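A.B. asks: The lines below spell out each chain.
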Amino acid sequence: MTRNRRTRPGHGLSLAAVLFLLLGGTAAAEGFDPETTCAVPEEIAGTGLPLPHVAAKLKAREVVGIVVIGSGSSSGMGASSLAEAYPARLTGELGKLFPDAKFELTNLSKRGQLASEMEERFATEVAAAHPALVIWQTGTADAVKGVDLASFGQVLESGIDKLRALDADVILMNSQYSPHTLTALDTGPYRDYMRWAIQSRSAILFHRYTMMKYWVEEGVIDFSSPSKADQTRNDDLVHGCIAYRLAREIEGAVKSGAGEDAKE
Amino acid sequence: MVTRAARFLKRLFTVDPAELVRSGQRDLRLDFFRGLALWFIFLDHIPSNLVNWITVRNYGFSDATEIFIFISGYSASIAYGGTMRRRGFWLAAARILRRCWQLYVAHIFLFVIFTAQIAYVASRFNNPMFSEEMQVVDFLNDPSATLVQALLLKFRPANLDILPLYIVLLLVFPLVLWALERRPVWVLAASAFLYGVVLATRVNLPGYPPGEGWFFNPFAWQLLFVIGALLGRVHGSAQPAVPRNRVLLGSALAYLLFAFLVAMSWQIPLLAPIVPQWVGSLIYPISKTDLDPLRLIDFLSLAYVTMWLVAADAPFLKWRVSRPLVRCGQQSLYVFCASIVLSFSGHFFLIEVNDSFAAQLAVSVAGIALMVALAYLLGWYRRAERAESVEHKGSARPLPRA
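Protein sequences appear in the order of chains A and B. Per our numbering, the very first residue in the first sequence carries number 1; after that it's consecutive. Per our numbering, the very first residue in the second sequence carries number 1; after that it's consecutive.
Simulated from the structure, these hints should not be mistaken for laboratory data. One thing to keep in mind: the hints can contain errors.
Said to hold, decoys possible - Heads up, simulated EDC-like pairs for lysine to aspartate or glutamate below, C-alpha to C-alpha not over 20 angstroms straight-line:
hint	chain 1	residue 1	chain 2	residue 2
1	A	K145	B	D313
2	A	K145	B	D142
3	A	K213	B	D138
4	A	K213	B	D44
5	B	K154	A	D148
6	A	K110	B	D138
7	A	K255	A	E35
8	A	K59	A	E42
9	A	K228	B	E212
10	A	K145	B	E352
11	B	K154	A	D186
12	A	K213	A	D100
Stated by the list, open to error - A short, non-exhaustive set of chain B residues, derived as facing chain A with CB atoms under 8 angstroms:
hint	residue
13	I78
14	S144
15	P273
16	Q277
17	S281
18	S389
Said to hold, decoys possible - Label-pair distances were calculated between CB atoms; the ranges are:
hint	chain 1	residue 1	chain 2	residue 2	range
19	B	F193	A	G188	49 to 55 angstroms
20	A	K255	B	R320	55 to 61 angstroms
21	B	G379	A	E120	43 to 49 angstroms
22	B	V112	A	A165	36 to 42 angstroms
23	B	D142	A	P226	21 to 27 angstroms
24	A	P226	B	L97	46 to 52 angstroms
25	A	T37	B	L361	24 to 30 angstroms
Because the structure is a prediction, the values reported are computed rather than measured. We put the beta carbon where it would ideally sit given N, CA and C, even for glycine.
Let the sequences and hints guide you as you build the complete structure.
C.D. replies: See below:
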């Protein structure tokens, strides 16, 4: 495990892979009321854990760099367009909550990438974006391939360490709730290891699986229709709700840590 | 206290074979708890089912797999130990291998049903949102490799992992049983040593795709099977199998409480802070693949408390309401296969037709009712066959139990 501890350069704006700069509300305008539609039970609504680096940037009125690194769902699969995928919509949602702040989002997700493959890119591509926050979505591709659980757990731990060494806060995002593949694909053990990784490391776990399961059970979304139009509507809704919930998680974290200064 | 434990261990390892020959009475506890494990396995295999809240895995580290493997070792030792003592090694070995073959055929049958269901889902649902998840069915595109690897037990889809484990454990069981009859201490020592090697090196049987091991590592899980087989040897003798020791009981209960609290912290995120960070970094991860010591101790504590609380002649085992569980436990292979098929179908119904709580309850009850009906049917058939063979031969020699 090589730890790449870099000196902290200034907040460069010369980013290579900036997909999205702050814009107001995005395409998902028509009748989307996330506060009621995307409601979840209180115990998964927000962890209340702090994001000190994000809070510090906001306080200093500096640009908040966010990197999303994940696999298929984060690269925009399912959404009707890239702009409808949750990473792109996240800046819009954050803009509503922090109207005076500036967020810069870099999406480095690639379909089918394993946790170990993403972790190899932390010191290079992720570091180059100088993020204050890294949203690391993983576990699905590893479950599909049946990656050994113990080594998956080790990659999570060393990966979080590497990101922390970049002076970034970390949000881990677990798998999607995928009802049709449940009997063939068990992401449960991988989600367990993610839950355990944050117990020994400082990171926030975003319970995407439990949220999507809740929305399906509540009838907010319905994946059983084979019609293309229904699918697209549901998929965009999920991406929108994920973006909304992520933004609320970040808001809660910043507020909970508002009293104290960011610790290095 | 210590001397009592020492006496028990001594008895366990120096049991008089003559005493064991007459262990005729069937222990209903085995059937009851194996039946319970089968019901739990069925419920746990329907992921979108709220009813699986009642199963044991939510309240500690271990789950129904441990119960199933332990009782399988225990009853294999009862069923084939007697044969080996009375009729010799070769007949016992032949019977064990015949059982092994039945399990293998059952596993391949389940694999075919599983594949058919997956193929249907893959052809009907292609929501791009789940295209990454759907890669799990890519094995359908390469039947030549997949089928051969499945026959070799190297390719085992999720939820079809328990039978292959049971198969390889039984495959070497003739030798284990032979050694258990002669040098039980050595067998336990060798088994524990192998388990230790796994913990240190993570050695595992090769799987498919290449590079990945078995989800249930047989080199680790064999320890539980051997412990079961060892305890099964003293089954039916006059003394209780396990000494009643209050300190041991207290430690077991304390450990179960600890496991319960930790497990609760997984279910209810608000409770997460009750596990301090240093405890978390000490105990996590808890490997199911390698039967983590935390799981093993959890199950052994549970088994000890159960043996303490439930005597072999506990009245509730003979109550009418216990009969369905006992019957399922007595027909474990068929009921197990049925439970897998039923959990696939039940899950399919829930995601395709109706996923309300009423539907989840109905699917759970209907599935268990069908498992019970199958067990009664098989029991009736078996008794009828036995009665006929008695008529023909005029002898009342009981059929071997398995």
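A.B. asks: Going straight from one Cα to the other, do K255 of chain A and E35 of chain A come out at no more than 20 angstroms?
C.D. replies: The hint holds at about 19 angstroms.
A.B. asks: Given the hinted pair K154 of chain B and D148 of chain A, is their alpha-carbon gap at most 20 angstroms?
C.D. replies: 15 angstroms, holds
A.B. asks: Does the CB of S281 of chain B sit less than 8 angstroms away from some CB of chain A?
C.D. replies: 4 angstroms, holds
A.B. asks: Sort out whether D100 of chain A lies within 20 angstroms of K213 of chain A, counting only the CA atoms.
C.D. replies: Not satisfied, since the Cα-Cα distance of roughly 34 angstroms exceeds 20 angstroms.
A.B. asks: A closest beta-carbon separation below 8 angstroms is what the hint needs, so does S144 of chain B meet it against chain A?
C.D. replies: Where the cut-off is 8 angstroms and the nearest Cβ of chain A is about 20 angstroms from S144 of chain B, the hint is violated.
A.B. asks: Is the Cα-Cα distance between K145 of chain A and D142 of chain B 20 angstroms or less?
C.D. replies: Holds, at about 15 angstroms.
A.B. asks: Within a Cα-Cα threshold of 20 angstroms, do K145 of chain A and E352 of chain B meet the stated pairing?
C.D. replies: Judged against 20 angstroms, a Cα distance of about 26 angstroms means the pair is violated.
A.B. asks: With respect to the beta-carbon atoms only, verify the hint that G379 of chain B and E120 of chain A lie 43 to 49 angstroms apart.
C.D. replies: 58 angstroms, violated
A.B. asks: State, for the Cβ atoms of D142 of chain B and P226 of chain A, whether the hinted interval 21 to 27 angstroms holds or is violated.
C.D. replies: 26 angstroms, holds
A.B. asks: Classify the hint on Q277 of chain B as holds or violated, based on whether any CB of chain A lies nearer than 8 angstroms to its CB.
C.D. replies: Interface hint status for Q277 of chain B: holds (6 angstroms vs cutoff 8 angstroms).
A.B. asks: For a C-alpha distance cap of 20 angstroms, please report whether K213 of chain A and D138 of chain B respect it.
C.D. replies: 25 angstroms, violated
A.B. asks: Assess, step by step, whether the Cα of K228 of chain A is no farther than 20 angstroms from the Cα of E212 of chain B, and give holds or violated.
C.D. replies: 36 angstroms, violated
The earlier numbered hints that this structure contradicts are 1, 3, 8, 9, 10, 12, 13, 14, 15, 18, 19, 21 and 22.
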